[in-house]
Amino acid sequence: MLTECPHCQHSLKLSDSQLAKINKAIAALQPGKFLKLGCPHCKKTIELDKNRAKGEGKPQPVSPVTAPPLKTRDKGLPPPPVPPDIDWLRGGEIEEKDILEDVTQVLILFNPGEDRDKIVRAFEEINYKPVFAESADDAIEMMRFVNFAAVVLEKKFEGKPAESLFHAHMRAMAMPKRRYIYYVLVGSDCNTLYDLEALSNSANLVVNNNDLDQFNLILKKGMHDYDNLFSPFINMLKECGRK
Numbered sequence: 000m001l002t003e004c005p006h007c008q009h010s011l012k013l014s015d016s017q018l019a020k021i022n023k024a025i026a027a028l029q030p031g032k033f034l035k036l037g038c039p040h041c042k043k044t045i046e047l048d049k050n051r052a053k054g055e056g057k058p059q060p061v062s063p064v065t066a067p068p069l070k071t072r073d074k075g076l077p078p079p080p081v082p083p084d085i086d087w088l089r090g091g092e093i094e095e096k097d098i099l100e101d102v103t104q105v106l107i108l109f110n111p112g113e114d115r116d117k118i119v120r121a122f123e124e125i126n127y128k129p130v131f132a133e134s135a136d137d138a139i140e141m142m143r144f145v146n147f148a149a150v151v152l153e154k155k156f157e158g159k160p161a162e163s164l165f166h167a168h169m170r171a172m173a174m175p176k177r178r179y180i181y182y183v184l185v186g187s188d189c190n191t192l193y194d195l196e197a198l199s200n201s202a203n204l205v206v207n208n209n210d211l212d213q214f215n216l217i218l219k220k221g222m223h224d225y226d227n228l229f230s231p232f233i234n235m236l237k238e239c240g241r242k
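When we follow numbering that gives the first Met the number 0, the leftmost residue of the sequence shown carries the number 0, and every step to the right adds one.
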């Protein structure tokens, strides 16, 4: 079974349904063709051929890309970075969902309608790609493989807010991952931009449904305040080699 990346050796933690989809794609490969997947950890490409259909052998690493020769090279200078691997672009074998790791994304758990459209437009204005979850389980599963920069939860998305499975998941998330997610709660009982209420709900921003007409300004204000407060702390952690 494909259990870890051959490059970084991190566990891939694939679900049964994902493994089934991979095996189905491998079975449909033409001779000499490869299925290419992106590792969510090191971002390198994993190539799989039909030998992997039954769990045989190891994933084949991508052929190394060598730096183009230079006509002249100053002594003592390090070689330039190698060009990026774009085999996936030429082959057309990777779907959009396989390369979304390179795009800043916001996960939205919100019932369809005008209110959700206002939230989508606000995030698109700051170049975030919206991704929609059909259920709490669907959202939690997506978060296992994608590092979302922001998450928006409508309090009534799962019924009663106190029984929200997804909100409980966010509150229990380990801080090395949680502190890099901008978590927005939207509800009819929320007090917009009330930091103390956000803190008590383990969120970064709370917004009342009646204020969604100005959500683009509210979001920019909230993110600006968040950056001013936490950026020095996060930069310090990075300098100390921590997340």
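For the record, the hints were derived by calculation from the structure and aren't laboratory data. Please read all numbers here as calculations on a predicted model, not as lab measurements. A portion of the hints provided could be inaccurate.
What the hints assert, rightly or not - Straight-line C-alpha distance at most 25 Å; calculated BS3-like pairs for lysine-lysine: (1) Lys-12 with Lys-159; (2) Lys-43 with Lys-20; (3) Lys-219 with Lys-176; (4) Lys-128 with Lys-155; (5) Lys-12 with Lys-43; (6) Lys-20 with Lys-35; (7) Lys-35 with Lys-23; (8) Lys-220 with Lys-159; (9) Lys-43 with Lys-220; (10) Lys-23 with Lys-128; (11) Lys-35 with Lys-155; (12) Lys-20 with Lys-117; (13) Lys-117 with Lys-43; (14) Lys-12 with Lys-35; (15) Lys-155 with Lys-117; (16) Lys-12 with Lys-23; (17) Lys-159 with Lys-219; (18) Lys-219 with Lys-128; (19) Lys-43 with Lys-32; (20) Lys-220 with Lys-176; (21) Lys-32 with Lys-20; (22) Lys-43 with Lys-23; (23) Lys-117 with Lys-128; (24) Lys-219 with Lys-117; (25) Lys-117 with Lys-159.
Tested hints:
1. For the hint linking Lys-12 to Lys-159, the alpha-carbon distance of about 31 Å lies beyond 25 Å, and the restraint is violated.
2. Of the pairs offered as hints, the one joining Lys-43 and Lys-20 holds, with about 20 Å between alpha carbons and a cut-off of 25 Å not exceeded.
3. Simply put, Lys-219 and Lys-176 have alpha-carbon atoms about 22 Å apart, close enough for the 25 Å limit, and the pair holds.
4. Using a Cα cut-off of 25 Å, the hinted pair Lys-128 and Lys-155 holds, with the two alpha carbons roughly 23 Å apart.
5. Our distance criterion of 25 Å between C-alpha atoms is met by Lys-12 and Lys-43, whose separation comes to about 16 Å.
6. Taken as a hint, the Lys-20 and Lys-35 pair is honoured in the structure, with Cα atoms around 13 Å apart against an allowance of 25 Å.
7. About 13 Å separates the Cα atoms of Lys-35 and Lys-23, which keeps this hinted pair within 25 Å; it holds.
8. With a C-alpha separation of about 28 Å, the suggested pairing of Lys-220 with Lys-159 is violated against the 25 Å cut-off.
9. Taking the CA atoms of Lys-43 and Lys-220, the gap is near 36 Å; set against the 25 Å cutoff, the hint is violated.
10. Distance check on the hinted pair: Lys-23 and Lys-128 sit about 28 Å apart at the alpha-carbon level, beyond 25 Å; violated.
11. Between the alpha carbons of Lys-35 and Lys-155 the distance comes to roughly 39 Å, so the proposed pair goes past 25 Å and is violated.
12. Taken as a hint, the Lys-20 and Lys-117 pair is broken in the structure, with Cα atoms around 34 Å apart against an allowance of 25 Å.
13. A distance of roughly 35 Å separates the Cα atoms of Lys-117 and Lys-43; the hinted pair therefore is violated under the 25 Å criterion.
14. Restraint check for Lys-12 and Lys-35: satisfied, since their Cα atoms lie roughly 17 Å apart, inside the 25 Å limit.
15. The hinted pair formed by Lys-155 and Lys-117 meets the criterion: a straight-line CA distance of about 17 Å does not exceed 25 Å.
16. Between the alpha carbons of Lys-12 and Lys-23 the distance comes to roughly 18 Å, so the proposed pair stays at or under 25 Å and holds.
17. Proposed proximity of Lys-159 and Lys-219 is contradicted: the alpha carbons are some 28 Å apart, above 25 Å.
18. Only pairs whose Cα atoms come within 25 Å are accepted, and Lys-219 paired with Lys-128 is accepted, the gap being roughly 16 Å.
19. Restraint check: the Cα-Cα separation between Lys-43 and Lys-32 comes to about 18 Å, which is no more than 25 Å; the hinted pair holds.
20. At most 25 Å may separate the alpha-carbon atoms for a hinted pair to count; Lys-220 and Lys-176 meet this at roughly 23 Å.
21. Annotation: proposed proximity of Lys-32 to Lys-20 holds, straight-line Cα distance about 17 Å (limit 25 Å).
22. Between the alpha carbons of Lys-43 and Lys-23 the distance comes to roughly 22 Å, so the proposed pair stays at or under 25 Å and holds.
23. About 14 Å separates the Cα atoms of Lys-117 and Lys-128, which keeps this hinted pair within 25 Å; it holds.
24. Straight-line distance between C-alpha atoms of Lys-219 and Lys-117 comes to about 14 Å, which keeps the hinted pair within the 25 Å bound.
25. Of the supplied pair hints, the one linking Lys-117 and Lys-159 holds, its CA atoms being roughly 23 Å apart against a limit of 25 Å.
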